[in-house]
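K.L.:
The residues making up each chain are set out below.
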Amino acid sequence: NAGVTQTPKFQVLKTGQSMTLQCAQDMNHNSMYWYRQDPGMGLRLIYYSASEGTTDKGEVPNGYNVSRLNKREFSLRLESAAPSQTSVYFCASSGGGTIGNEQFFGPGTRLTVL
Amino acid sequence: AQSVTQLGSHVSVSEGALVLLRCNYSSSVPPYLFWYVQYPNQGLQLLLKYTSAATLVKGINGFEAEFKKSETSFHLTKPSAHMSDAAEYFCAVRDGGGYQKVTFGIGTKLQVIP
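Line by line, the protein sequences give chains A and B. The first sequence begins at 655 in the numbering used here and counts up one residue at a time. The second sequence begins at 4 in the numbering used here and counts up one residue at a time.
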C-alpha cells in the first residue's frame, strides 16, 4: 500500500516550458487535491477533484490545468511555466463523505522555473 | 467562509519543555479541525483531528489538542518536547458540510533546543 505517490520528485524548467506532474493514490479515495507550498504562505489549493469526472478551481488556479484521469490518478499541467510557479507541489487525497476524513499527502515535487 | 490563524510562525522550546502551538479558526458551521506535521523534505502527515466527539483529542507522538468553541481555538500541546519534534506544524479547518475542502494555516516551525 503506497498511499499517495508523485512524480517527479524534482524538476527544473526554463520559462515557457511545459510539464505535467503526476499523482496516484491506491486508497480508493474519491477526492484528490493539488496544493502549492511557498514560504510564509502555507498550503494553497490549486485545483481539486471531489470525485472521478469532476474538477474545480481552488484558490490559485491561474497557469495550471488538471485532469482526473480515473479514480486513482490526478495530474497537474503547467502549459507555459513562469518563475512565479517555482514552488513545492503536493498532491493529496481523502475518502469523501460527511465525516471528518483527513487528507493523505504525497512526498511533493520540488519545481524550479528559471 | 472558513479560515485559520496560527499565532507565531516560529516557536523555540528547550528539550523537555512544554510545547504549545496556537491555532484559532473561524467557521460558519461546526468545524472539523486537524493538525498536521511536516518534517523536512517530506509531505504532511496527520497528527490528530477533531470531529465533534471528545473535545480533548489525543494524537500521535504524545501530542494532544483541545477544542474550545467559546474561544474558537484548537491549540496543540505536548508536555515534554523531544528533539525529534522539530518540524513544521499546520492547523487546518474543514466546514462540516458535504465537501471536503480544507483551509490550512500558514504553519508554525518548531525548533527544539538541546
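Hints are not guaranteed to be accurate.
Over the 12 Å line for every Cβ pair with chain B, so calculated as not near, a few chain A residues [stated by the list, open to error]: (1) Asn655; (2) Thr674; (3) Pro737.
Derived contacts from chain B toward chain A, CB cut-off under 8 Å, selection only [what the hints assert, rightly or not]: (4) Gly46; (5) Leu49; (6) Ile63; (7) Phe66; (8) Gly108.
Hints listed in this document are in silico derivations from the structure and should not be mistaken for laboratory results. Using N, Cα and C, we set each Cβ at its ideal position, and we do this for glycine too.
K.L.:
All hints are to be evaluated individually against the structure, with a verdict given for each.
P.N.:
Hints, verified against the model:
1. Asn655: Answer for Asn655 (chain A): holds, closest chain B Cβ roughly 15 Å.
2. Thr674: holds, 19 Å
3. Pro737: holds, 22 Å
4. Gly46: The hint holds - Gly46 (chain B) has a Cβ within 8 Å of chain A, the shortest such distance being about 4 Å.
5. Leu49: holds, 5 Å
6. Ile63: violated, 12 Å
7. Phe66: violated, 15 Å
8. Gly108: Holds, because the Cβ-Cβ distance from Gly108 (chain B) to chain A comes to roughly 6 Å (cut-off 8 Å).
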